[in-house]
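Residue numbers (the working numbering), protein chains in the order written: chain E, 1 to 322; chain F, 1 to 622.
Take these hints with a grain of salt, some might be off.
Label-pair restraints from in silico Cβ distances [unchecked claim]:
no.	chain 1	residue 1	chain 2	residue 2	range
1	E	122	F	59	39 to 45 Å
2	E	86	F	118	25 to 31 Å
3	E	85	F	34	55 to 61 Å
4	F	59	E	305	36 to 42 Å
Stretches of chain F that chain E covers, calculated by requiring three or more beta carbons in the stretch to come under 8 Å of a beta carbon on chain E [claimed, not checked]:
no.	stretch
5	15 to 24
6	41 to 52
7	335 to 347
8	385 to 395
FYI, nobody ran anything at the bench for these hints, they're computed from the structure. In this text, a Cβ means the ideal position worked out from N, Cα and C, and glycines have one as well.
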Amino acid sequence: MDGEELTEQETALYDRQIRVWGADAQRRLSKSHILVCGMKGTVAEFCKNIVLAGVGSLTLMDDRVVTEEAWSANFLIPPDENVYGGKTIAEVCCDSLKDFNPMVRVSVEKGDLSSLDGEFYDKFDVVVVSCCSVTTKKLINEKCRKLSKRVAFYTVDCRDSCGEIFVDLQNHKYSKQKIEETIECQLQYPSFEEAISVPWRALPRKASKLYFALRGVFEEAEGRSPGEISIADLPAVLKLKKELCEANALNASHVTDSLLERLIIGTREFPPVCAVVGGILGQEVIKAISCKGEPLKNFFFFDVMDGKGVVEDVSNPKKESK
Amino acid sequence: MVSERQLEAIKIDMDTIEVSNLNRQFLFRQSHVGQSKAKVARDAVLKFRPQMSITAHHANVKDPKFNVEFFKQFNVVLNGLDNLDARRHVNRLCLAADVPLVESGTTGFLGQVTVHVKGKTECYECQPKPAPKTYPVCTITSTPSKFVHCIVWAKDLLFAKLFGDKNQENDLNVRSSDASSSAHAEDVFVRRKDEDIDQYGRRIYDHVFGYNIEVASSNEETWKNRNRPKPIYSADVMPENLTEQNGNVAKNCVVDTSSVSAMASLGLKNPQDTWTLLESSRIFLEALKLFFAKREKEIGNLSFDKDDQLAVEFVTAAANIRAASFGISLHSLFEAKGIAGNIVHAVATTNAIIAGLIVIEAIKVLLKDTDKYRMTYCLEHITKKMLLMPVEPYEPNKSCYVCSETPLSLEINTSRSKLRDFVEKIVKAKLGINFPLIMHGSNLLYEVGDDLDEVEVANYAANLEKVLSQLPSPVTNGTMLTVEDLQQELTCNINIKHREEFDEEKEPDGMLLSGWTQAPPAKDDKQSMNDKQSIGNGGDSSNALQTEPADAVKDGEMEEISEPSGKKRKLSEGSKASILDATDGTRNHKEVEKLDDDDDDDDDVVMFDDLDSMTNKKKRLQ
């Protein structure tokens, strides 16, 4: 890191958080560039968090038109048609986010992220995707991994009162505090495709049910636009679950029908869950950029029903990625 | 999630918006700095939920107008306070009003949300919260061993002496060696008429860092097992005339003459740099000079404020020079400010997580989903695969004097201790009862109130000065005193036990309060976790001598939580282990309005946000 000092304005504004992660980390944040694709409530929360944290820039991608569903769980969109009329979700969110911290450059990029090339991705240090198909997630993740510089990749999705985060930091070196000492560590992350290909029987028995449930739900939703899945699809999902469980030698009762039902029916996000998951994601991205503190590897789940925020390491120890 | 019901909320906050809030309190903007938090927050929330009814009170939650009747109107109370005193107060009012309370706190990456329902769960005070750390007088005045001791000296002694209320008692040695200067020993800190400011500055410097150290150093006993401090004289550190030095500095650097800052004046720009002894000394003299040159009117009325740049510079410089004397490492302004100002470090992400969890619990309360109430802990390090750990609430502590009306015991020397000592050290400091009524049987020994007549006031004042055994209704061994707080609707019975001697070091107050036991842990792990993670629940008040709350956070390491064995203390079966305590920061409550309640027509929610720095309690060195 170069010796560029924080400005007086930055020192005053970021005082309380500099006391948490230090001036050096703050400098790194101010030079980082984040790309976000798919802006629902959780992503809105995440954006708010990193803008407040003082990243260098934030680029938003979401060409969808604002609907009632959009502003009901996305606090960046005021429920006023005079304000949001005629604008895309990204555009409205951009206007709101700029307000939170004038020192952060917030902008909108139109188009389809999965069709853009490596040169575009190279501008960023972090890419966060949400509300897209499994195929798209794999594609974007691969594009990130192809670059010579490390581009951190995250997916985040919330359905009903549950949330999931996936993290891919490729090869990540970081420091952590152990009492008075600073220890240098390293973590190796599998790609998204590698992770979800890990056979279920290789996972610990008490692995989060949400992991399995969401894989089933997402697979059923594959090829369809996000939000299109509904209660009518429940029988199909239950059948799929049975098949997946059998194929993976997993006890089908481990993933309850009621959980699947919740996830199928509850396409809308629950605002407090957005805050929780958006907060965790924000923290993770800050850790990745600052290289300070142990980042989670590689899935995070939250479910209001049991109130737990769980980390699952879904990786095949035999396969060393990249 | 759109609520179909009309939601009503009341927000109470006595504080105004500061720049340092903006990194996380996202309802506020730069343009709002200086305005009322309660009002701006209300306006911001209405922008995205215009159908809500929100009332904002720019007030202190401890104001008597927020009485039990006031609290009774709510279905749930959500706290976002930053000091223990206010939290205890609200806890008692919620118990009296029988309104569920959702408490919370954050510090850096740690945080927690807890639910308190009278009769069903522990109240906020069932588990004693650690009081803010205080230091023995002699450590501050004579034998500092840590930087924080130097800060306390610089802030509560030197700064107070030079710029604060002259009539306030102060433990600084004021007599100079120059006894011939006057027949009556003169206060060396007072600037003589027409005394040159540089000369005055150096005189003070030499007195506190030179002479006083030499005097202290001469006491053999004190230094038997400790390293002697080294006296430091200005002539040794800065042989040249300071004004010359300043002049040179000014020529070389871009000097900001508009803001009153010694650092700016001397070209020391980076608050993260650790100054040398020389730099600290220059800042010391320059800051002193600037106070007299630009802020003379304030001298005599100033109290330390962490947002007062010049005050922070002065205190940092003074603490550093003292540290140099005692072989303690020097610190940067940034670090010193954090210690002197009891700054709680805070980030937006933790606050967002905790805010979400608060809403989740609040909804459970409104739905009366008792079995689902949880205490949830936000961890910095993954423990048992969890970053968010829910625990079932405990049953009320039967020994809690707040919610279970268990009597306490007090060991005290009834022939030596006065009623005043009892009131200050026990009733106010330990029990948190600020407007007490003290009775012995049916005899009123002491009370506070606006409705007292002159005779009563005089009577009570007289009683304060009497030793316990000499009170009109004598308090001796075996007496039971009743202490009440009418506002909090709290009654507390204390059994008095006479004891002759007390250990000066371990029991400096000459009193020992007991009988209020901690809730028994399920396993040993829990006890140590409680101790290690006992992060102060906010400072007491900004002027009290306190340690940096962050210290406790750094020291603690999360231990493995084991499955609990005993079940009697839980609300229902099969739950997790223990309880942590973290401090809080102010945070957003924006989700509060998004509630879904099938039962009531009007869901009333109260939000409290209170910074106690306003209540200027000047405390003596402890």
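A quick look at each hint next to the structure:
1. E:122 / F:59: 39 to 45 Å: 54 Å, violated
2. E:86 / F:118: 25 to 31 Å: This hint is violated: roughly 52 Å between Cβ atoms.
3. E:85 / F:34: 55 to 61 Å: 34 Å, violated
4. F:59 / E:305: 36 to 42 Å: With Cβ atoms ~38 Å apart, the hint holds.
5. 15 to 24: holds (count 5)
6. 41 to 52: Contact hint for the stretch 41 to 52 of chain F vs chain E: holds, 4 residues under 8 Å.
7. 335 to 347: holds (count 6)
8. 385 to 395: With 6 residues closer than 8 Å to chain E, the stretch 385 to 395 of chain F meets the three-residue bar; holds.
Hint compliance for this structure: hints 1, 2, 3 are broken, all remaining hints hold.
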